[in-house]
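Novice: What follows is each chain in one-letter form.
There are 2 protein chains.
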Amino acid sequence: MRFSSPWFVASVALVCATLASAKVPRVAYPKSKQAARIRNKFKHSLAHRHGAERSFTGTGWQASAPVADAPFTNIWAGLSDDEAADVIAFLHNQPALNLTAAGNSTAWDNSITVVDTLLPNKTDVLAYFAGKASKPDRYARATIWFGTTENPWIQEFQVGPIPITNSSTYASLDWASTKGSAVQRNYIADDALVTEYCYNVSASVQDIITDLINGTAMGGASDDLDIWGIDPVWHPTPETTTQWMTFWRIPSSIFDGETLLPQGLYFELNTTGRDPSGWAVLGWLYADTYYNSTNAFRAAWEAGELPKLESNVEGDWIGTDYMGPNTDVGANSTMWASEKPPPVQVPPGGEDGIRYKVDVENKYVEWMDFTFYISYSRDTGLRLFDIRYRGERIVYELGLEEAIAHYAGNDPVQSGTAYLDSFYGFGPYAFQLLAGYDCPTYATFLNTSFHADEVSTTHLNSICLFEYDTGYLIQRHSNDRYLAVTKNIAFVVRSVSTVGNYDYNSTQFDYTFYLDGSIEVIVRASGYIQSAYYYANGNYGYQIHSGLSGSMHDHCLLFKADIDILGTSNSLANHTIVPVTETYPWSHGATRNSMRLERSYVASEDAGKIMWSENAQTMLMVVNADEPNSFGEPRGYRIAPGKGGGMHLTVTNSSNLLNSQSFATHDLYATVRKDAEPRAAHALNNYDVANPIIDFADFFDGETLEQTDVVLWFNLGMHHVPHTGDLPNTVFSTAQGSMLISPHNYLLHDPSRDTRQTVRIDYDDTKGVETVKTFGAEFSKGATNLTNTVPDFWAYRGDIAVRKFPYDPQHPFNNTVSIV
Amino acid sequence: MRFSSPWFVASVALVCATLASAKVPRVAYPKSKQAARIRNKFKHSLAHRHGAERSFTGTGWQASAPVADAPFTNIWAGLSDDEAADVIAFLHNQPALNLTAAGNSTAWDNSITVVDTLLPNKTDVLAYFAGKASKPDRYARATIWFGTTENPWIQEFQVGPIPITNSSTYASLDWASTKGSAVQRNYIADDALVTEYCYNVSASVQDIITDLINGTAMGGASDDLDIWGIDPVWHPTPETTTQWMTFWRIPSSIFDGETLLPQGLYFELNTTGRDPSGWAVLGWLYADTYYNSTNAFRAAWEAGELPKLESNVEGDWIGTDYMGPNTDVGANSTMWASEKPPPVQVPPGGEDGIRYKVDVENKYVEWMDFTFYISYSRDTGLRLFDIRYRGERIVYELGLEEAIAHYAGNDPVQSGTAYLDSFYGFGPYAFQLLAGYDCPTYATFLNTSFHADEVSTTHLNSICLFEYDTGYLIQRHSNDRYLAVTKNIAFVVRSVSTVGNYDYNSTQFDYTFYLDGSIEVIVRASGYIQSAYYYANGNYGYQIHSGLSGSMHDHCLLFKADIDILGTSNSLANHTIVPVTETYPWSHGATRNSMRLERSYVASEDAGKIMWSENAQTMLMVVNADEPNSFGEPRGYRIAPGKGGGMHLTVTNSSNLLNSQSFATHDLYATVRKDAEPRAAHALNNYDVANPIIDFADFFDGETLEQTDVVLWFNLGMHHVPHTGDLPNTVFSTAQGSMLISPHNYLLHDPSRDTRQTVRIDYDDTKGVETVKTFGAEFSKGATNLTNTVPDFWAYRGDIAVRKFPYDPQHPFNNTVSIV
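Here the protein sequences line up with chains A and B, keeping their order.
Note that the first sequence ends on residue 926 in our numbering; no numbers are left out.
Note that the second sequence ends on residue 926 in our numbering; no numbers are left out.
Next comes chain A alone, as it looks inside the complex:
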């Protein structure tokens, strides 16, 4: 993941031709090209868009889901466009903030980067639901870039209540920070200048670069090399900022596989302070040899001491198009009949057959015995709230907290790279889903929005909801007299975020609901890996192409699961299966090697950092110890890895992430839920990883976990050592992990018995089938039009943006922005 790009660079170059100016454009958080690109985009309104007359919903099923009536307004909903404009206008009215409109701002101004909903405190929400309090006031949070100083910072504020009235205020959001301050030092305020500086460094050794890797990086449209490096930046001392940079080849085709084209030449910059005249090149690395100055590097080159290494160049191998059989890399492939349409799932009932209800306005969903609300944020994307099962809340909140992609390498760039993705945000990059591919064409699609750089952007059709036959039964039993079977129909809530052009681009998030009362959280990754130059990197990955190493890395995605079992007074039960050697009243004094179940509770947060047990012999359940079922077993929900086993970070005490990786040291965490600890990580942590706004380690202060509001935090992901099969893209099928949250002594029987999609056939060898019981189920019949399974590919379109300050809601425009 990275922030610079040829397009961005071009924009920067246009606006800021000289480094002499103190006013340079800022590369804002989110580190996107938003602000820079917007200036050129206003002229393209939707009305002028080619193809705008096409039906967006394609030729797929046009059925809309029956309407649900949400019992409460969605109080976790993202800000509406009007709310965002309201908040932004309010902040611009605060003289103390000295704000510049984002569209006009530079790195030396103060400006608003992000506004989003400040989620209400659970305490207030539950009081409201219980009728014991009025509806919680609605608040926004706003992130403001303070650039008018030698020591720039980013700060998060609470703004509200909204809508803005005379009683609305703003205040630093310190209470949700473990360090007591929502202020984060900004050491990367002048990234645009750093990029410019890099071009100058490159120009100073153009002859060497031409010789070694043959390309140019000057910030012009004809560049075939790009320069970027570590993330987060490095601090050899608290007041020093250094960054290793390297060269990447810019693909000439549409395929943005630049991260497959590292060139193997590295240099280190001291970028301390805001004045580039104080910056310096600290050294160079080539062929695993370090040169402590540009002069030393040049001298070695002139002396002929630099070896010619394997080159790493663009080719068809970085493209994701159909390659076809019997190419050089597809020898002996036939793929007979792969051109024919494969099986496809269809909705038998058409418009009248949809078996779930949606309140689109409130993003509220009812499917079988589940109901829930959907929320969406710039930082972490899709999030579910108030998941109820058979009328009882089982999960208050379920969603992503943070995603680490921690690399390693013999080279300084891969070694120094450990992305904290909420910094970039999952919300801005949850692009439109392609009906018929990302989700069935019969799915219900919802839009999502985020508000950055004073522009509100709407991703059309970026969440989908659909039922799916999983392809295997949920229940089956047969003998020589009967057969009983029940279909395993699941309900999926899906979004896909493409956070940059590296490995888990795209990250697919599925929340899947099952008829047995289970919820599965699934993460899948596909897309281009961020690779390394092969030289001397053999201990950090496989060589996967000429000049290329599949740079090893860990993906570690933390989720919050605030499970509530019959209220918020819950405990975390630990039931472990242990081998034993025992004698029994009936064993004649002899011992038996057997096993038994040992039950205990996780006493306090001191024991709340948990690894999944060896051989999975430990079961963990959130239970309400005061609510036993009829047979004395406490009712609860179990949490256990589904696919992939759960994970934590391999690297211990990461030098890159310092105090910002404390949620990735274990597989699972249990803490006491507090209003002041809503998030385990923070999107601003990446600005200063040694001094994060939220250090998850501080959540652990030894409080009891018995009959209190327990919240779980679990990691999904994978240790990824890319091999040749990751070219051109990693595939979802092998890069996935999931967690299963399932009832455990919660009801008195398997709830899938309550669906009518069950059939029993009684038969007899002599008489044949005697009885068929179908329990009132209706069956598919008649014709369906398979053309509906194919989308209108030409209707695909980008995000819709609306300018916020000055507010210009009448002139939306297409504006799709990705990190490439």
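No false leads were mixed into what you were given.
The list treats identical chains as interchangeable, and a pair is accepted whether it falls inside one copy or across any two copies.
Below are the DSS-like pairs computed for lysine-lysine, each with C-alpha atoms no more than 30 Å apart in a straight line: (1) 285 <-> 780; (2) 446 <-> 463; (3) 879 <-> 446; (4) 446 <-> 887; (5) 887 <-> 873; (6) 463 <-> 879; (7) 780 <-> 715; (8) 241 <-> 463; (9) 887 <-> 463; (10) 463 <-> 238; (11) 285 <-> 715; (12) 238 <-> 780; (13) 241 <-> 780.
Worth flagging that the hints you see were computed from the coordinates, not collected in a lab.
A quick note: this is a predicted structure, and the numbers were derived from the prediction, not measured.
Starting from the structure of chain A, add chain B where the hints point.
Specialist: What follows is chain B alone, placed relative to chain A:
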């Protein structure tokens, strides 16, 4: 899993009214009711069957798969009916065997229990495939029951070549045994007498039983109690056989949930020797109190010392029918619209659209770039051979070896129960699959056969083959200029075995093939659990109903995966991701906390017993170290847990299984493949677990694993502590595990790029969609008839049997036999 049953018992009672007779019917291996029931079944030929005029294939799609032409005859195929008859006739001609026809035999005769294919040695097969040897001769293996002695035994023979000629011979199959002998002592030859004995014991305390649990077990049709106990039998000394027994209530409804109805009264028998007059009741257990004689038990009862405990009686709760919302156990369920037909997968192309080829005669399949043969055996069911990918063999053999279900309990029956399922066999119980439920109606169905008790039985439609859209993409990448997506279509080979009425009844075996070259082995379990009486069993499971404990147990299913990478000279690579603290040429002398990849090979079988690593930091691959790819990385296939994480048995040195559980001590094993070590377990082991025919531990003799024919053995399964959600049946959705066998540096790119089911959409914020590339793919269109997704439920029918001795192929009859 158990062998007695009311029906069986009734049959036994008819034939053997007195214990005085030395000639009693045998309960043969397989411990089914085959022989006993067959006598009553011959009169029901197919022609007379009600409903026989119905089309068997139902109303589903009638398309048959295009015909493949297998390059070789399936040399792993099961015996045909004629071959089985040929072998059986040959054995009956051997005077030394002194055989009685199975249909007339008793426990005191010699008779044939099973004939099956003796799989050819891999060495011979590969020589044949390579054109260096002629086709291997075909042989059968035959299991013979030797009952005419005080020390009965079971023995396995090699018979052939077949077809039988003058040069055909038979010989004890000693060479495939680790103990050097295919002879297994039979301590359960007189199980029918044991059952009869139990009825007498029960009758002797009928007054107490009536008082405590209110029922009768006399072997008559009006019985409402059943008696059975531990498995395998116990040997306090090598020459003594004892068995704990308990009472189970026989359901009056069709639902065979007898294993949910344990009654909590136990007695121990000494069943040493074949003369019931020498047998004895050793003691009783009730309410966790042991009585060392029937008299002592009676005295306690008469003294009023026996407490009245919770009863465990039949009710709707053991039925699997639709229960409906708002029953006492389904409170607050609505399941809105569950009667409407859910989404269903359809084949767009109809007859012309099937994208795989099948050679039905040879059970040979071609799908995309995979080809393979299917085999089937009485012991372990479905098995795949010679799986080739893009023309190269990657797996020689893939299939189930053995399945343990190891229970534990405070009571002697659950404590003493540890099933070895190949003893019962997966082949006999792989019943017909219900099209539209077990598999799509558009699947290709294959029949399977097994030959037991001189009857050949054919399971109609017991294997299915189908393509399935997994519901998520295999590849996805997008940015602000384009979107590239590829469908994740998988190919599934499925069978379901219902081995008894306990927990993984039904066990579903899926072998799933993916477009990235991966193969996933998936095991799922649904059905009735074998439970325990609740009293004093709290440390061995949850109380899940009045009087009922969900008896804790481990399912441990061993699979063989004989992976071949470019020949049989292979090594097992271990690549481990380890945290490191390192300095680098560029790190200015400072250390960095990072990670690296350590590569090694598993040197020998001494290191061949392997646990999946903590945090999954170790990757294991079978590679050909002499066949590096273009970039120097050895080509290989990785093996890693998919769902559920892989597992091994919790109990160490199981007192129940003794030397017959050595394949369940670790997650994964690697050995040198040998012709004399074809199987890690043996169906006859259960007869004498201390002296198994195959003790897997003996495979480990320190041989090198480097560049030799490595074979892997891996365990799947689950630790199952049943909770209320396992009532009435455990559900597949939470009871599943899988192993993924996937290419690792095997090809030079992701092979899913070679399917045409890829779409690329190029778009632009200003111009909209500019290009749609579909790579020659055809798209679904036009109408399809959804009625085809529904099967003809009335066409379901049982197994077809053919009597073998005397051979009577003209009179097949319906005969479905389950272990209930």
